[in-house]
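Asker: Sequences are here, hints too, so could you generate the full structure?
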Amino acid sequence: MASSDADHAVWLRGIEKRFPGVIACAGAELRVRPGTIHALLGENGAGKTTMVNVLAGVYRPDGGEVWVNGQRRFFQSPADAIAAGVGMVYQEFRLVPTLTVAENIVLGSAPRLLRSAEIEERVAELSAAYGMAADPTRPVWQLSMGERQRVEILKALWRNASVLVMDEPTAVLTPGEAAELGAALRAMADDGRSVIYISHKLDQVVAFCDEATVLRQGKTVATVDDLQDVDLTELAELMVGSSEGGYVDRPPDLEAGPEVLSLQGVSALNDRGLPALVDINMTVHSHEIVGIVGVSGNGQKELAEVINGLRRPTQGRVTVKQQDVTDASPGDRYRLGLAYVPEDRLGVGLAPKMSVVDNSIVRSYRLQRRGLMLVMAKCVKFCQGLVERFGVRTGRLNDPIAGLSGGNLQRLLLGRELAEQPAVLVAAQPTRGLDVQGVAAIQSHLVDQRSEGVGVLLISEDLDELLALSDRLLVMYEGRVVSELAPDVTPRSVIGEAMAGQVRA
Amino acid sequence: MSEDALIGLFVATVQFGTLVFLAALGELIAERSGVLNLGVEGMMAMGAVSGFMVGLETGSPWAAFFAAAAVGALVGGFHALVSVVLGADQVVSGLALTIGGLGLAAYVGRNVVGERPETLFTDLGIAGLADIPWIGEIFFDQPPVVYLAVLLGLAVWFVLARTRLGLALRAAGESAPTTDTAGHSVMALRSGAVMVGGAFAGAAGSFLSLYMAPGWVEGTVAGRGWIAVALVIFGAWRPGRLALGALLFGFTLALQPRLQSFDIELLGVQLNSISPALLGILPFVLTVVVLVIISWRYRHRPSPAPAALGLPYRREER
Ligand SMILES: Nc1ncnc2c1ncn2[C@@H]1O[C@H](COP(=O)(O)OP(=O)(O)OP(=O)(O)O)[C@@H](O)[C@H]1O
Ligand SMILES: [Mg+2]
Numbered sequence: 001m002a003s004s005d006a007d008h009a010v011w012l013r014g015i016e017k018r019f020p021g022v023i024a025c026a027g028a029e030l031r032v033r034p035g036t037i038h039a040l041l042g043e044n045g046a047g048k049t050t051m052v053n054v055l056a057g058v059y060r061p062d063g064g065e066v067w068v069n070g071q072r073r074f075f076q077s078p079a080d081a082i083a084a085g086v087g088m089v090y091q092e093f094r095l096v097p098t099l100t101v102a103e104n105i106v107l108g109s110a111p112r113l114l115r116s117a118e119i120e121e122r123v124a125e126l127s128a129a130y131g132m133a134a135d136p137t138r139p140v141w142q143l144s145m146g147e148r149q150r151v152e153i154l155k156a157l158w159r160n161a162s163v164l165v166m167d168e169p170t171a172v173l174t175p176g177e178a179a180e181l182g183a184a185l186r187a188m189a190d191d192g193r194s195v196i197y198i199s200h201k202l203d204q205v206v207a208f209c210d211e212a213t214v215l216r217q218g219k220t221v222a223t224v225d226d227l228q229d230v231d232l233t234e235l236a237e238l239m240v241g242s243s244e245g246g247y248v249d250r251p252p253d254l255e256a257g258p259e260v261l262s263l264q265g266v267s268a269l270n271d272r273g274l275p276a277l278v279d280i281n282m283t284v285h286s287h288e289i290v291g292i293v294g295v296s297g298n299g300q301k302e303l304a305e306v307i308n309g310l311r312r313p314t315q316g317r318v319t320v321k322q323q324d325v326t327d328a329s330p331g332d333r334y335r336l337g338l339a340y341v342p343e344d345r346l347g348v349g350l351a352p353k354m355s356v357v358d359n360s361i362v363r364s365y366r367l368q369r370r371g372l373m374l375v376m377a378k379c380v381k382f383c384q385g386l387v388e389r390f391g392v393r394t395g396r397l398n399d400p401i402a403g404l405s406g407g408n409l410q411r412l413l414l415g416r417e418l419a420e421q422p423a424v425l426v427a428a429q430p431t432r433g434l435d436v437q438g439v440a441a442i443q444s445h446l447v448d449q450r451s452e453g454v455g456v457l458l459i460s461e462d463l464d465e466l467l468a469l470s471d472r473l474l475v476m477y478e479g480r481v482v483s484e485l486a487p488d489v490t491p492r493s494v495i496g497e498a499m500a501g502q503v504r505a
Numbered sequence: 001m002s003e004d005a006l007i008g009l010f011v012a013t014v015q016f017g018t019l020v021f022l023a024a025l026g027e028l029i030a031e032r033s034g035v036l037n038l039g040v041e042g043m044m045a046m047g048a049v050s051g052f053m054v055g056l057e058t059g060s061p062w063a064a065f066f067a068a069a070a071v072g073a074l075v076g077g078f079h080a081l082v083s084v085v086l087g088a089d090q091v092v093s094g095l096a097l098t099i100g101g102l103g104l105a106a107y108v109g110r111n112v113v114g115e116r117p118e119t120l121f122t123d124l125g126i127a128g129l130a131d132i133p134w135i136g137e138i139f140f141d142q143p144p145v146v147y148l149a150v151l152l153g154l155a156v157w158f159v160l161a162r163t164r165l166g167l168a169l170r171a172a173g174e175s176a177p178t179t180d181t182a183g184h185s186v187m188a189l190r191s192g193a194v195m196v197g198g199a200f201a202g203a204a205g206s207f208l209s210l211y212m213a214p215g216w217v218e219g220t221v222a223g224r225g226w227i228a229v230a231l232v233i234f235g236a237w238r239p240g241r242l243a244l245g246a247l248l249f250g251f252t253l254a255l256q257p258r259l260q261s262f263d264i265e266l267l268g269v270q271l272n273s274i275s276p277a278l279l280g281i282l283p284f285v286l287t288v289v290v291l292v293i294i295s296w297r298y299r300h301r302p303s304p305a306p307a308a309l310g311l312p313y314r315r316e317e318r
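If you read the protein sequences in the order shown, they are chains A and B.
Under my numbering, the first residue of the first sequence is numbered 1, with each subsequent residue one higher.
Under my numbering, the first residue of the second sequence is numbered 1, with each subsequent residue one higher.
It cannot be assumed that every hint is accurate.
[Claimed, not checked] Not close to chain B: a few residues of chain A, all C-beta gaps over 10 Å, as computed:
1) Pro111
2) Leu113
3) Asp191
4) Asp253
5) Val278
6) Arg480
[To be verified] Now the in silico label distances, taken between C-beta atoms and shown as ranges:
7) B/Val92 to A/Gly395: 51 to 57 Å
8) A/Trp141 to B/Gly219: 43 to 49 Å
9) A/Arg312 to B/Leu282: 32 to 38 Å
10) B/Arg314 to A/Met354: 16 to 22 Å
11) B/Leu74 to A/Arg396: 41 to 47 Å
These are calculated hints, taken from the structure and not from any lab test.
Even glycine gets a Cβ: it sits at the ideal position worked out from N, Cα and C.
Answerer: Set out below in structure tokens:
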């Protein structure tokens, strides 16, 4: 074949991949030189995950060629790709929670007879060699997201992968963990490995990566040989084909209205039975956005669950519109005016196998019925209304909702929650994993809701987002609210210290 | 009650325990790989009838035993094909296997009903040990299948806990995509587990028709397959606890036909006044109790039930 094969660690040529009703890749191209970190960019649904899944042997392409280290490959299964030196860290982690770190790392390449002590020792050596701390004897379900990711990377290193693919690795990482990851990837590239790095966080991409390939609608639309030469807006433009993006501006200050949500002395346990929330006091008023700042895993998830009735507090009171709802069911809270956009969209928020229509009416089905029956025509009309108002891009409304891309799932979910004019909206990580346009759309909806009088509790890991949108910031650390800050006057360094638990008296 | 009757009760306890242990051990293998097989009852019936017929033909109980295992594996292979390879609903396929297996066994065995085999498994009086009073008769003068079951239990524990194959199998039962992307074939692991599980159930069936209730009539299995399914839960998916549970369930099975003759009082209750039917549901009641205890004890950590149990896997689907 072509003459320059040998200087590519990976060459995906004219990849085509169709799924029922969608063309995920339509002739996309990706070339990665050895020893470089290569960014793969594109908006939600552009086909990035599909491309790397073809490289990892998970998807069989409908057309195109896969070359790895100068050889054409025909992967029949992930095992073939692993044998060819491809290591992959999937967008959704591939770890067995009940197995230990060591067992997870050696799964797939373990010796015939397992000697735990020996395996654990070798895994410990590997993690020391790359400076990635991970206790090999601990079961994975006890680990934080950052630790799980280290285990995933160690898994690839254990196989001695020459090509490491990372699909949105920082979506679940704290800023500190992300920086560590960047350093670790550089060390691997210096080792002669190549890294394919998928992320929506362009500042990180520019900081970590050497080269980039941009996908749009399943096609390669640009390649960048030196990322130091481009600026962020240029990259964003390449991805979406237009230059909008960035964080929306909050409209001028509004007078905060009456209290719509309060927590008084609330404590709760996490899934492992350990204290997750300790004596939380907070209020949210109409016409304001209250941002929760904190490194993930400091009680944010439990906070959202306690407010929405998915987790029982061990102490304290929760009120919505001044009414005590501590013992009320999630449904009763919704009817009182509490809306919830959960972190886990396709699981807690939406039912993956149910249709777009069914998912959009599960909250407000009472409005679409006559007597005991649901009126299908009304349901469809309601759903169409949401789809239009919130700009959801979807195929047929009766198809399972799992076919929608992340940004569109989120638009529909938010639309559904806002359909009955709530008084309070709890939004957990509403823009995580979304592309630039998706982020802007969701953020402007939040701001609009604030103008209309909704009190918004915004839980996010994106500090810029919190700073841009919030009227007040509450910092959470180890299950407590450790300080309240004003977003426009507090220096970032002070917020950073508060997030790390160092509060100045 | 006489000493002999009591010894007889415990001898039968070990034998019934072996019967449900073998079948449950097979089901445990399948479930640890992520496949629920509700066809145990049907696989046991097929094993019982085919083992019996091969026994009639060859006169060799071992040939019969292994033929029954092979038939069990084949019948299990049907479940593997339908639910693992083709990805159909495991509950539906398993129930079909029970209903179809019972029916097919009745059909296959229609001409041998009432026949008596000449050669059966005989008790192995283990030299020196079999003569110990009580213990000898209960534990050391049993048919070889009892000792084989113990060895198989140890082997299954060892493979699951200490080998690469076992690690892969357990991983397949917890998360199929993880196992697949680690480079193992989920389809091969699960199909293999279901077929081995079927072999165990088939072998258990032949223990019934070649030793415990020699002969073949429809209804020989009499719900013991369902007890084996319950036993897997009772044993919290672990071979060791499965063995303990098997003795307990075996005891209730052994007691059932004897209850009426036990003219003794226990805790103020006249034993022979208890209905055997009530005793028959005891294993299931115990299983439900254990299930409740498990869900309480494991509320803050992952349950011992394989997380992917019952979920089919197709690579390109999401
Ligand atoms: N297994 C699948 N079955 C059906 N459709 C799929 C499947 N995988 C991907 N798609 C569809 O293919 C398109 C490309 O998806 P892909 O996951 O590759 O996008 P992406 O660029 O990784 O997006 P994101 O940034 O949201 O992760 C989308 O429209 C998606 O809905
Ligand atoms: Mg993706």
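Asker: Look at each hint and say if it fits the structure.
Answerer: Right, here's what the structure says about each hint:
A beta-carbon of chain B comes within 10 Å of the beta-carbon of A/Pro111; the shortest separation is about 7 Å. Distance to chain B contradicts A/Leu113 as a non-interface residue, since its nearest Cβ pair spans about 6 Å, not more than 10 Å. Listed as outside the interface, A/Asp191 is consistent with that label: its C-beta sits roughly 22 Å from the nearest C-beta of chain B, beyond the 10 Å cut-off. The beta carbon of A/Asp253 sits about 44 Å from the closest Cβ of chain B, which is more than 10 Å, so the claim that it is off the interface holds.
Here A/Val278 stays apart from chain B, with its beta-carbon at least about 18 Å from theirs, past the 10 Å limit. Listed as a non-interface residue, A/Arg480 keeps its Cβ farther than 10 Å from every Cβ of chain B; the least gap is roughly 21 Å. Distance hint check: the CB atoms of B/Val92 and A/Gly395 are about 29 Å apart, inconsistent with the given range 51 to 57 Å. Roughly 45 Å separates the CB atoms of A/Trp141 and B/Gly219, a value that falls within the hinted 43 to 49 Å.
For the hinted restraint 32 to 38 Å between A/Arg312 and B/Leu282, the CB-CB distance of approximately 35 Å keeps it satisfied. Our hint of 16 to 22 Å for B/Arg314 and A/Met354 holds, since their Cβ atoms are close to 19 Å apart. For the pair B/Leu74 and A/Arg396, the supplied restraint of 41 to 47 Å holds, since their beta-carbon distance comes to about 43 Å.
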